[in-house]
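*Asks:* Work out the full structure, taking the sequences as your base and the hints as a guide.
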Amino acid sequence: MSARRGPRFVAQLSFTMLVCAFLIVPVVLSVLAGVSVNFFIGVKSGLTLRWVGEVWSLYRDSIFLSMKIAIACLAVTLVLGVPIAYVLARAANRWTRLFEELLVLPVAVPGLATALALILFYGEWRAFRASWTFILVGHVLFTLPFMVRSVVAVMSAIDLRTLEDAAASLGAGFLQRFFGVIIPNARAGILAGALMVVTLSIGEFNITWMLHTPLTKTIPVGLADSYASMRLEIGSAYTIVFFIMIVPLLIAMQWLSAERNPGKAAT
Amino acid sequence: MTNLASGVRLDACGKTFDDGTQALEPIDLEIAAGETVVLLGPSGCGKTTTLRIIAGLEQPDAGGRVWFGAEDVTALPIERRNVGMVFQSYALFPNMSVAGNIGYGLKVRRVEAAARSREVLRLLDMMHLSGMGERRVDQLSGGQRQRVALARALAVRPRVLLLDEPLTALDAKLRESLRIDIDRLLRTLGMTAVYVTHDQAEAMALGDRIAVMSHGRIAQIGTPQDIYYRPATEFVADFIGTMNRLPGQCHDGVLRVAGGSLPLPADGHGADHAMFRPQDGQIVAPGQGDLAGRIAAVFFLGNATRIIVELDDVQSVVVETGERRAFREGDRVGVRVDPGGIMTLRR
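Listed in order, the protein sequences are those of chains A and B. Going by the working numbering, the first residue of the first sequence is number 1, and it counts up by one from there. Going by the working numbering, the first residue of the second sequence is number 1, and it counts up by one from there.
The hints are simulated quantities; they were obtained by calculation from the structure and are not laboratory data. Any given hint could be a false lead.
[Stated by the list, open to error] Derived contacts from chain B toward chain A, CB cut-off under 7 Å, selection only:
1) L76
2) E79
3) V83
4) F93
5) Y104
6) G105
7) R109
8) V111
9) F327
Glycine is no exception: its CB is placed at the ideal position from the N, C-alpha and C atoms.
*Replies:* Here you go:
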């Protein structure tokens, strides 16, 4: 880049800064509100962690439930998604493409509609309806396509068939090939998919809002609850807790995709 | 290294794919233990399908049988046939080091770690890859990658080594040196090998016998000399090197052709054509030699000069010579053909 920067550069930079400010200032305000003694007086009323503590005591169960659902969701999407991706990448014909499109439907259809369908279909099974696994089903439906697509993308980029032929010629049976050659070489896609699934599961609101019961509230549902019924500082403190959980995942995802495209990251 | 090489026999192995295309008509092929057979032909001729049937990656159509020595392996999947395979695209495992790749087959066979690493070191040494065991696969050049692939295939002491266009992805210089290495390996190890290629120079240099394939059939199988000097069909004659082919009428063992006449070999009396290789022709003064014509084009190739001589409006012949004299387009010349180089198609 040249040392002289024209007015064009300055204009672009200011525009970028403006957009960033537009996005970031409300976040900063919200975080400040969460640690202010009194939001209406402002930061000069003093800083406190009292509200964060309140959130912890009020919504601790939601945090643990969200983590439990996210981990379970990850386990299910790994067990289902990786083999599905393998079959899709190996066969790669008209039918597998159709299947892949079908798989993405829960992402395209509004979450409320998916949730309604689940309730209509399974609502009669009371125990299932009331348990956290009901939410898990919704999350799996929503996140599975992200896992499958991420893994298919990586598997299609390597010459899976020839690698498998080579492993087979050396005496490896199917399971040895799958766990010794296929999985390790699809690692980048599986890892990216896993982070995506956990992030989406922790942040999922639409489906969960319809599926939850007073005893199965996840973090985003609790967030809506606290905004609606608590003082503003507690809602804002809740946002901070949410950030603490989700931001590391987002950074890890960015870092992973930079790892995978070193050329892109360098520019 | 103990030699476990076994012979291979295909009995009536054809291959029809699910969409109904017949890639291979039922063929018979017998490969002796320790022999190298090259399957040679243009793309789509069925050579790779034949290799994959031997490997166990494809099943022959009903009725076809694959034998390794006295054992019928038709029903065995590839992982139980104990073959070694080398691919055009190397197919090295990116998640493993060079040593990991070479040792993979032994690991699958549960060979203990110490014995495995001894064997890997021995193979690295044999393939001129000493000290590279810990490298990542993507840190190697194309030639080195294919050496690793060879070592990996040899590590399992295969009964048959199958090579699918292993040199095609390499540049000309590397191809030459690796070809020499492969040749030396196959000889010293006494491997039974099936080598697929579309490159006739490779086929000539490596094959004990060459099977020339075309349209899912074996057009001819024989030693490189057989194939080159006694082609059985027009396809073989044209596919291997350049061949001059002149139609004519036979009178008392002499074929009258455009621009003159050619003596036919004893087994070719009565033929309606004669053929000779460009290097069996020689440019001589006009009025001398067997054929008379005019130089239509001259190409200097470095190691030889290729001259195209027009005999009449339709027929021309190609002559290649190492002589260092100047040939001019338009000159009237004679062409002398070495009588030993004249051949006819077998009938």
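*Asks:* Next step is simple, just say for each hint if it's right about the structure.
*Replies:* Against the structure, the hints:
no. : hint : result
1   : L76  : violated (12 Å)
2   : E79  : holds (5 Å)
3   : V83  : holds (6 Å)
4   : F93  : holds (6 Å)
5   : Y104 : holds (6 Å)
6   : G105 : holds (4 Å)
7   : R109 : holds (6 Å)
8   : V111 : violated (11 Å)
9   : F327 : violated (49 Å)
Violated hints, listed in ascending order, are 1, 8, 9; each of the other numbered hints is respected by the structure.
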